[in-house]
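Student: In case you want the letters, here they are:
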Amino acid sequence: MKFTPKEIEENVNVSKTHPLVEFFWLAGGLLLVVGIVFLTLGLLTDLAVSRTSPKIENWLGTHLSFDMKGEANPALQRRFDDLLTTLPEDSPLREYEFTIDLVDSDIVNAFAIPGGKIAVYRGLVDRVESENELAMVLYHELGHFAHRDHLRGLGRGLGLAVGSALLFGNDSGAADLVAKTLLSFQANYTQDQESAADGFALEQLANHYGHVGGATVFFDRLAKENSNKTSHLKYLLASHPHPRDRIDAINNLIKENGYPVEATTQLAKGILLKENFQ
Amino acid sequence: MEILLQHADLVLFFILLCLGYGVGSWAERRHYTSITKREKEFAHLPVVTGRESYIIGEAEKSTLVTGSVVVSIDYFKRLLAILRNIFGGNVKSYESLIDRARREAILRMKEKAKEKGADIIINLRLETSAIGQSANKKRQVGSVEAVAYGTAVSLIKQ
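If you read the sequences in order, they're chains A and B. So for the first sequence, the numbering used here puts the first residue at 1; every next one is plus one. So for the second sequence, the numbering used here puts the first residue at 1001; every next one is plus one.
Don't take every hint at face value.
What the hints assert, rightly or not - Straight line, CA to CA, 16 Å or less: simulated EDC-like cross-link-like pairs of lysine to aspartate or glutamate: (1) B:Lys1061 x B:Asp1119; (2) B:Lys1061 x B:Glu1115; (3) B:Lys1037 x A:Glu7; (4) A:Lys224 x A:Glu203; (5) A:Lys6 x B:Glu1039; (6) B:Lys1037 x A:Asp90; (7) B:Lys1040 x B:Glu1111; (8) B:Lys1092 x A:Glu22; (9) B:Lys1114 x B:Glu1039; (10) A:Lys6 x B:Glu1095; (11) A:Lys16 x B:Glu1028; (12) B:Lys1112 x B:Glu1039; (13) A:Lys2 x B:Asp1119; (14) B:Lys1112 x B:Glu1052; (15) A:Lys2 x B:Glu1111; (16) B:Lys1040 x A:Asp104; (17) A:Lys16 x B:Glu1095; (18) B:Lys1040 x A:Glu7; (19) A:Lys16 x B:Glu1039; (20) B:Lys1040 x A:Glu22; (21) A:Lys69 x A:Asp104; (22) B:Lys1037 x B:Glu1111.
Because the hints were derived from the structure by calculation, they are not lab data.
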């Protein structure tokens, strides 16, 4: 038999699909699936949260450990308890037993934890000048409790973590990517929550003091301090609205509701910090 | 600018992805051009898998020839494969990789046989192994090695 060399024309071993086409199908499909899962989890969380009584939440708070290395601060607690007295009689917030902790850190922040715990950072107390500003911040955190935002955040965060771990395993680039994409949606959601909490705080401030003086002073100060590094773009993905937008929104609310603005009361900060840090 | 710096890992991911796709497909096209060209060159040297006895008595000398190559996946192919791992189906992005590796190994083996003045290669065997076993894990990039080996035979000139 004579050997005649022949050229192979067709290659059956390599698929003809263009890799980019395949990529868009797969990535699109994945985004769709993850998006549906994320939305469903979000809706389920909202549903579950609306049916969770403060009692169950308190139980949850005592059984999940949230260790923030905070210390009780009686002076802060007294102020806070005083703020609670003007809450409406039928407010669901009355079912909580609130405790407030001061955390020794320069970070300017405060947050709400399921079960009626509020953590305030020393950096925040350092920058607050009047009783009214402090009250605004504390009422803001109470607003998160009133709207059950901390529970929602917990549920969604948990759902997101479990979902991406199930899909991609714990440590993979794809999980990071999806988490980042979804977090930007989440950012919108939490920015709305922050604005709602600001609205709540303003209403309570007016109830308590009879005026809303000092409501924006604290955010104003923060905005000025950071004016060189706070572009609006950065706040696209942040959990809180841009300070300037926030101040504008609060001022709008003050105007709409016709809240009076009066002089603020100086805060005796020394006493406040002395109990823990001197 | 700030937002880019804040999400440096995302930016890096997209750069790697584009780089993987761009450079990866460019290298693959170049490789295929070279493979087709050399396959034509070596077409007159037959390679068979059989251990046929028909050349017994006609063989002047025989020797072992091998050719091996290691080809790496690029970032884009890896991502496609990861996505495939979720949905299932043919991992098409790896097909060209294996195809190139096998054909290149055979070509290298043929080059060796040509040097030795062989007329035919019999008993061709192909083996493939993965280098970097956890190709899709722990951010590692895997590669594939293809080895082709056979017996190069020079026939008695009549």
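Student: Work down the list of hints and note, for each, if the structure agrees.
Tutor: Hint by hint, here is what the structure shows:
1. B:Lys1061 x B:Asp1119: holds (10 Å)
2. B:Lys1061 x B:Glu1115: Answer holds: B:Lys1061 to B:Glu1115 is near 14 Å, not above 16 Å.
3. B:Lys1037 x A:Glu7: holds (11 Å)
4. A:Lys224 x A:Glu203: Outside the cut-off at roughly 25 Å; violated.
5. A:Lys6 x B:Glu1039: Since the Cα atoms of A:Lys6 and B:Glu1039 sit roughly 10 Å apart, the hinted pair holds (cutoff 16 Å).
6. B:Lys1037 x A:Asp90: violated (85 Å)
7. B:Lys1040 x B:Glu1111: holds (13 Å)
8. B:Lys1092 x A:Glu22: Judged against 16 Å, a Cα distance of about 9 Å means the pair holds.
9. B:Lys1114 x B:Glu1039: Answer holds: B:Lys1114 to B:Glu1039 is near 13 Å, not above 16 Å.
10. A:Lys6 x B:Glu1095: violated (23 Å)
11. A:Lys16 x B:Glu1028: Between A:Lys16 and B:Glu1028 the Cα gap is close to 14 Å, so the pair holds against 16 Å.
12. B:Lys1112 x B:Glu1039: It holds: about 14 Å lies between the C-alpha atoms, which stays within 16 Å.
13. A:Lys2 x B:Asp1119: Within the cut-off at roughly 13 Å; holds.
14. B:Lys1112 x B:Glu1052: violated (21 Å)
15. A:Lys2 x B:Glu1111: Given pair A:Lys2, B:Glu1111 is violated - Cα atoms ~22 Å apart, limit 16 Å.
16. B:Lys1040 x A:Asp104: violated (76 Å)
17. A:Lys16 x B:Glu1095: With Cα atoms ~10 Å apart, A:Lys16 and B:Glu1095 stay inside 16 Å; holds.
18. B:Lys1040 x A:Glu7: holds (7 Å)
19. A:Lys16 x B:Glu1039: With a Cα-Cα distance of about 21 Å, the restraint between A:Lys16 and B:Glu1039 is violated, given a limit of 16 Å.
20. B:Lys1040 x A:Glu22: violated (31 Å)
21. A:Lys69 x A:Asp104: holds (8 Å)
22. B:Lys1037 x B:Glu1111: holds (13 Å)
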